[in-house]
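Hey, can you work out the whole structure from these sequences and the hints?
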Amino acid sequence: QSTGTKAVGCLAGDAQSYILFCDFFDRVIESYHGYKVTSNAVQESDFNYDNLK
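When we follow the UniProt record's numbering, the leftmost residue of the sequence shown carries the number 1, and every step to the right adds one.
It is worth saying that the hints were derived from the structure and are not from the lab.
All of these numbers come straight from a predicted model, not from anything done at the bench.
In this text, a Cβ means the ideal position worked out from N, Cα and C, and glycines have one as well.
You may find that some hints are simply not true.
The calculated label-pair distances, taken between Cβ atoms and stated as ranges, are [said to hold, decoys possible]:
#, residue 1, residue 2, range
1, G13, Y49, 30 to 40 angstroms
2, N51, G13, 35 to 45 angstroms
3, N51, L20, 19 to 29 angstroms
Laid out in structure tokens, this is it:
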């Protein structure tokens, strides 16, 4: 019987680990979040208070 709760855990020891193990972390992100990681990806952020929903 499943509770519907999912958990995933990955920890990089430092910033260099994200570079060294990028293939691993990219696959985890893609699998868990359904987001394809690309080198040209840009974080879309809108910090305009008037646009908050």
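Cross-check of the supplied hints:
no., hint, verdict
1, G13 - Y49: 30 to 40 angstroms, "holds (37 angstroms)"
2, N51 - G13: 35 to 45 angstroms, "holds (37 angstroms)"
3, N51 - L20: 19 to 29 angstroms, "violated (38 angstroms)"
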